[in-house]
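Colleague: Below are the chains, spelled out letter by letter.
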Amino acid sequence: MDSLTRKRYVERAVWPIGRGDRNFWISVGVLSAMVAAGLFAWIYQLVNGLGVTGLNQKVSWGFYIINCVFFIGISYGGAMTSAILRLTNAKWRAPLTRIAEATAVAALVVGAVYPIIDLGRPDRFLTIPLYAQFGSPIIWDVVAISTYIVASFVFLYLPLVPDVAVASAALGGRSRFLAPIYRILSLGWRGTPAQERALKRGIGIMAILIIPLAVSVHSVLALLFAVTARGGWHSTIFAPLFVLAAMLSGVAAVILVVTALRKVYGLQEFITARHFRYLSYLLVALGIGYLYFMISEYVTEGYLLDASTTPVLEAIFTGAYAPAFWAFSIGGLVFPLVLAVAPGRFPIARAGVASMLVVAGMWLKRFLIVVPGMAEPIMPWDWGRYSPTWVEVTITIGSAAAIPLILVVFFRFFPVMSVHEMDEVEGAEEQARPQLQIAYAGGGDD
Amino acid sequence: MTRAMGGTIVVAVAALMLAFGNVALADHLKAICDVRATASAKLDQGYLLAVRLHTSDGKPVNETAVRFYQLVDFFGKREMYLGTATTDGQGNAALTFLPPTLGHVEIVARSGARDHFTAAEGRTTFEAAVAAPAYEAETVPLSGFTKVVTGAVGTIVLAVWALIAFALISTARGVRRGARDLAQGDHA
Amino acid sequence: MAQPVSRRQLLAGVGTLGASAAVAAATGMSPIHFQAAAKSEQTPDAKPRQWAMVIDLRKCDGCKKCTDACQTEHELPKSFEWIKVFQVEDKQGRVYNMPRPCFQCENAPCLKVCPVAATFRAQDGVVLVDQDKCIGCRMCMAACPYGARYFNYNEPPKPAHPFERPTPEHPVPQQKGTVGKCMFCVHRTVDGQLPACVEACAMEALYIGDLVEDVATNGRETVRLSQFIKENDAFRYKEDLSTGPRVYYIAGHGQLLDDV
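Protein chains in written order, with the working numbering: chain S, 11 to 456; chain P, 12 to 199; chain Y, 438 to 697.
Hint data in this document are derived by calculation from the structure and do not stem from the laboratory.
A couple of the hints might just be wrong.
[Said to hold, decoys possible] Take a look, some chain S residues computed to stay more than 12 Å from chain P by CB distance:
no.	residue
1	LEU97
2	ALA122
3	PHE163
4	ALA180
5	PRO190
6	GLY198
7	GLY329
8	PHE345
9	GLY437
[To be verified] Ranges of calculated distance between the beta carbons of each label pair, as one might list FRET restraints:
no.	chain 1	residue 1	chain 2	residue 2	range
10	P	ALA140	S	ASP392	50 to 60 Å
11	Y	ASN544	S	PHE345	26 to 36 Å
12	P	GLY165	Y	ASP677	28 to 38 Å
13	S	TYR313	Y	ASP628	52 to 62 Å
Even for Gly, the Cβ is constructed at its ideal location relative to N, Cα and C.
All chains, please: the whole structure from these sequences, using the hints.
Modeller: Below you can see the structure in the form of structure tokens.
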């Protein structure tokens, strides 16, 4: 990358920083309104109890558990794009990693709130560490998710350290309030070989750690269902199935966010059709893997047709949940995967549409796991029914809006593309060190 | 229903008997029920509840069903039905009985009125030195193994936290040390 | 993951006595009688009882007096059927009635999955819920294969005795946002009273029993529990899940009810 291109890269990466233009405030306003509506619905629920939801004695888990699994799944985009691509030394990842890591943290934070929203006594949430029973899948969840949140924050922060100076320089003298914060966050980064070594080791450890952590989180989420004696839930493939589902939805979400931000922040020069093609390959590979796991589960259950699993299979293949199931399988899985990799025009648009369908489809799949499993007749009674109320729908919309809100605000302060990672990948450290030192040192500090 | 009706009849007959003195009794021979509990030859069979049903002049009462009960204190004093045995030609009947718990046992044996014999009842008490094996709840399989696994996983979790802390802290320290070194280098 | 509870019961008992004594002194009401170890709670050789139930499906006529009595006794909303009577159709198309209380499983899935041990087993084998600890995650409801647990989505009905402090043994009134279930009326059995459902059953189909003293009674008839079970081929529902249920059913085999 020649120095002119690099200059343009840095310019685009910091373009949103400090830019309080009309578009920014309109989008923040709209998203904040949606989040506020979600918060209002939650407060209404806190005051009146869970009776305001559509949950009942048969279907006692619904939208909130679905959303928890869904949003935490979305966060896997970070682990996939940033960690795995780093470990496999895929150079094309560089402009994407910051977006992926930030989306991961945003989605994770939203997803991790949902178990609290679902509690009947959220005021007792903090008693959990006091009384924790380590045989309980809920405790496994608490441990895994809290570890993963901390790890994701660290994994976002460490590669950010060199970029903080870039951001600070871009802001110039415009904010005296932020300069000391940037100074602390940058840890005095100058780009020296010793510092590079320390950073590389830290990021390397996190990249390796975050993958088994990610696997563990969705595995314990799956075990929440799989250790019960319900048809459609008590399946040995659930843990790998959920992990793959998370990776699939995570990569799709990253594609979606990248498509949007590329447009909004004008990153077209650096995030090109090539990136979308490679991301689409990743998407399709994960999608085929997920399809394989699904087929394995359904053939195993559908061949023996024992009494516990048959009612659920009937319901999703030909019964009340069949429209949702086939909409997911065809419209949310097979069709978008074909759309994404088929040769032809408009690859980026197609990747965007495909990823939107996959993300929506994966939400539907989580619905198809949770609700039929709860509604199925485990005793000689009728199938249960579940109709979510405005409270659940509003909270869902509000939480979904929280993710782009967090991203838009985050990129107001930090570069949207990782400058340091691009330099690393380009091996431009030797050439750019003098310019780097000037760029880093000009950030208004000691 | 039948029990209530039968009870009413018995009460009515008893009332009649009392009202007309021994006139009704003269037609009925009084049956006497002797109950005895002996330790069974086979220890695991517990005890043998032996009954001899006879009249006051020693004549046996045969072909009569004798019902055995144990007195229990379970939501009030109740009679727990144990079983039935029929008297033979000598008026003997027996039931094997393995007490559920050790300690004081009180047995009631009852025969119903039959032909011209009255109903009879006999009681005996004894200290049970042999009892059925104590009830044991089903043990959870693999409980020891599960504990080991839980401990191992807990250790791994702690190790992961330590690694995350290490990654963060060592990087921060490395970067800050580098900044200090550079600053010192500048000033040198 | 069962917890020893003698200390808890003692504390609950002392707390209840203390609270009720204070209230009694203040308002002149008679204090609630809560014995820590009543005679009927123990066998003759002073071992804690291990409660079980036998349900004679030949006798159940589906009148649901057991459900009504339970709801009255525990001040429950109508949707809470801690003992629920199912109408089951057998393979020959005949319908029989099956009351289902909580089975107080010896290997209870609900107990294993509770994150805060709000669900625990008492010394007498009954699975209790401490609604002061329950966080309302409803994992236990997902795990119970018998649908025997009920969640207080709304405020329970107005309590008859507003100053009575609920305990796991006597969870009256229920608490919003927590889970409740049948507890074999241990608050009644400790005082030598039959469980509400057993007492209310007009068909005498419900038996309460003790596995230690090997006795069971429906209020009228008292039988030797192990013998009763063996002679009548009693079975346990969904036993293959290894839950170890403490409720035995005597199969009706689709028989019509006799006029007893």
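Colleague: Confirm or reject each hint.
Modeller: Structure-based check of each hint:
no., hint, in the structure
1, LEU97, "holds, 15 Å"
2, ALA122, "holds, 16 Å"
3, PHE163, "violated, 9 Å"
4, ALA180, "holds, 20 Å"
5, PRO190, "holds, 16 Å"
6, GLY198, "violated, 3 Å"
7, GLY329, "holds, 36 Å"
8, PHE345, "holds, 39 Å"
9, GLY437, "holds, 20 Å"
10, P:ALA140 with S:ASP392: 50 to 60 Å, "holds, 56 Å"
11, Y:ASN544 with S:PHE345: 26 to 36 Å, "violated, 46 Å"
12, P:GLY165 with Y:ASP677: 28 to 38 Å, "holds, 32 Å"
13, S:TYR313 with Y:ASP628: 52 to 62 Å, "holds, 55 Å"
The structure fails hints 3, 6 and 11 (numbered hints given earlier, in ascending order).
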